[in-house]
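So the sequences go chain by chain: Z and R. Numbering-wise, the first sequence is residues 216 to 405 according to the numbering used here. Numbering-wise, the second sequence is residues 711 to 874 according to the numbering used here.
Honestly, the hints are just simulated from the structure, not real lab data. Backbone N, C-alpha and C define an ideal beta-carbon position, used for all residues, glycine too. Careful, some of the hints might be misleading.
Reference excerpt, derived from the structure (chain Z facing chain R, CB under 8 Å, subset only) [claimed, not checked]:
no., residue
1, M216
2, N217
3, F219
4, I220
5, P241
6, N248
7, K249
8, P303
9, L353
10, T365
Across the chosen pairs, the derived CB separations fall in these ranges [to be verified]:
no., chain 1, residue 1, chain 2, residue 2, range
11, R, R797, Z, Q307, 39 to 45 Å
12, Z, W222, R, K812, 31 to 37 Å
13, R, F810, Z, V385, 18 to 24 Å
14, Z, I223, R, I742, 34 to 40 Å
15, R, D870, Z, M216, 57 to 63 Å
16, Z, G318, R, I742, 25 to 31 Å
17, Z, P400, R, Q733, 21 to 27 Å
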Amino acid sequence: MNQFIEWIRQPWPWYVAGPLIGLTVPALLLLGNKHFGISANLRHICAMCLPANIPFFQYNWRREAWNLVFVAGIVLGGVLSAWLLANPAPVQVDAALASELAGYGITNFDRLTPPEIFSWPQLFTARGLLMMVGGGFLVGFGTRYAGGCTSGHAITGLSMLQWPSLVATVCFMVGGLAMANLILPFILSL
Amino acid sequence: MQSTVDTDFEVRTQDTVCVNESQLTHKWYHNIKYLVVGILFGIVFVKAEIVSWFRIQEMFRFQSFHMYGVIGSAVVVGIISVWLIRRFNIKTIYGESVVFHKKQFNKGQIYGGLLFGLGWAVTGACPGPLFAQIGTGATVIIIMLLSAVAGTWVYGRFRDKLPH
């Protein structure tokens, strides 16, 4: 049993995680005709909290409550992982990335996100504010404009062989490649 | 009942891929099964480090195969699952036929996709990991999530002025 706990606490390889994530698609379809997708919840939260007579938010969000329950589960899953299954070792980071990040003063790999960028004190720096608030805004605006995120387009859409989802997924990658390699170095230097 | 059907049509025409396709209504506790799937999903997200900013940076710098393996194998399993459901007309646990919709192309998938890609590389988190990270105790990510909700709201507000 202890050996099992040791094993399960290590980072899981892609060939375990990927198929489990793929199985979410048929699980939700067969449990109740639900289409797996997470960014729709951001819209449901708008419709629930601040619809402001905007037509895009005038719909019966209660019918989509299942999805809000699903993301509440994701939060709980995060709590359980950190509480019971946490990996005590620092995150293994590729050597080239580690040396690049050291140049920006990012050397703490104890957590899944670097505290030099994503922490409360950093919210009051130009870099932290731009990356957390600016980045978050782009995620919310972009996913809804695209009609879905990595789960809705890249997983669900591609699973159903929808070519518009392939277009969206390619654009996610192009945007990410441009940001990480061309723009982010300037932001990280702030 | 009629209004519910109309509302669903409205969500669908406004480009949300991922909605409730069931015509059945259930008591609230039927949603507990989605909570359980969400918990399992959240654990996988954290344990495979999909929620890690470092893993996303490695992906966009081609320094690690991990994220490509995760997304690629998830899509393969998804394609096979959906094919099996269609091929054998597998019903939901309530006996309904599974509903599939053809997704319409619009230019939003390009413009929005590029903007989301930019944000994904900055935050190291797509919407799912945002929720999981908050669960792991990274409370500041609540600010990022609120900003993402604000982004969605601003899109909804100016939707008719944007090219689609």
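Going down the list of hints, with the structure as the test:
no.: 1; hint: M216; result: violated (18 Å)
no.: 2; hint: N217; result: violated (18 Å)
no.: 3; hint: F219; result: violated (14 Å)
no.: 4; hint: I220; result: violated (13 Å)
no.: 5; hint: P241; result: holds (4 Å)
no.: 6; hint: N248; result: holds (4 Å)
no.: 7; hint: K249; result: holds (6 Å)
no.: 8; hint: P303; result: violated (14 Å)
no.: 9; hint: L353; result: holds (3 Å)
no.: 10; hint: T365; result: holds (4 Å)
no.: 11; hint: R:R797 <-> Z:Q307: 39 to 45 Å; result: holds (41 Å)
no.: 12; hint: Z:W222 <-> R:K812: 31 to 37 Å; result: violated (43 Å)
no.: 13; hint: R:F810 <-> Z:V385: 18 to 24 Å; result: holds (22 Å)
no.: 14; hint: Z:I223 <-> R:I742: 34 to 40 Å; result: violated (24 Å)
no.: 15; hint: R:D870 <-> Z:M216: 57 to 63 Å; result: holds (59 Å)
no.: 16; hint: Z:G318 <-> R:I742: 25 to 31 Å; result: violated (48 Å)
no.: 17; hint: Z:P400 <-> R:Q733: 21 to 27 Å; result: violated (51 Å)
In this structure, the earlier hints numbered 1, 2, 3, 4, 8, 12, 14, 16 and 17 are contradicted, and the remaining ones agree with it.
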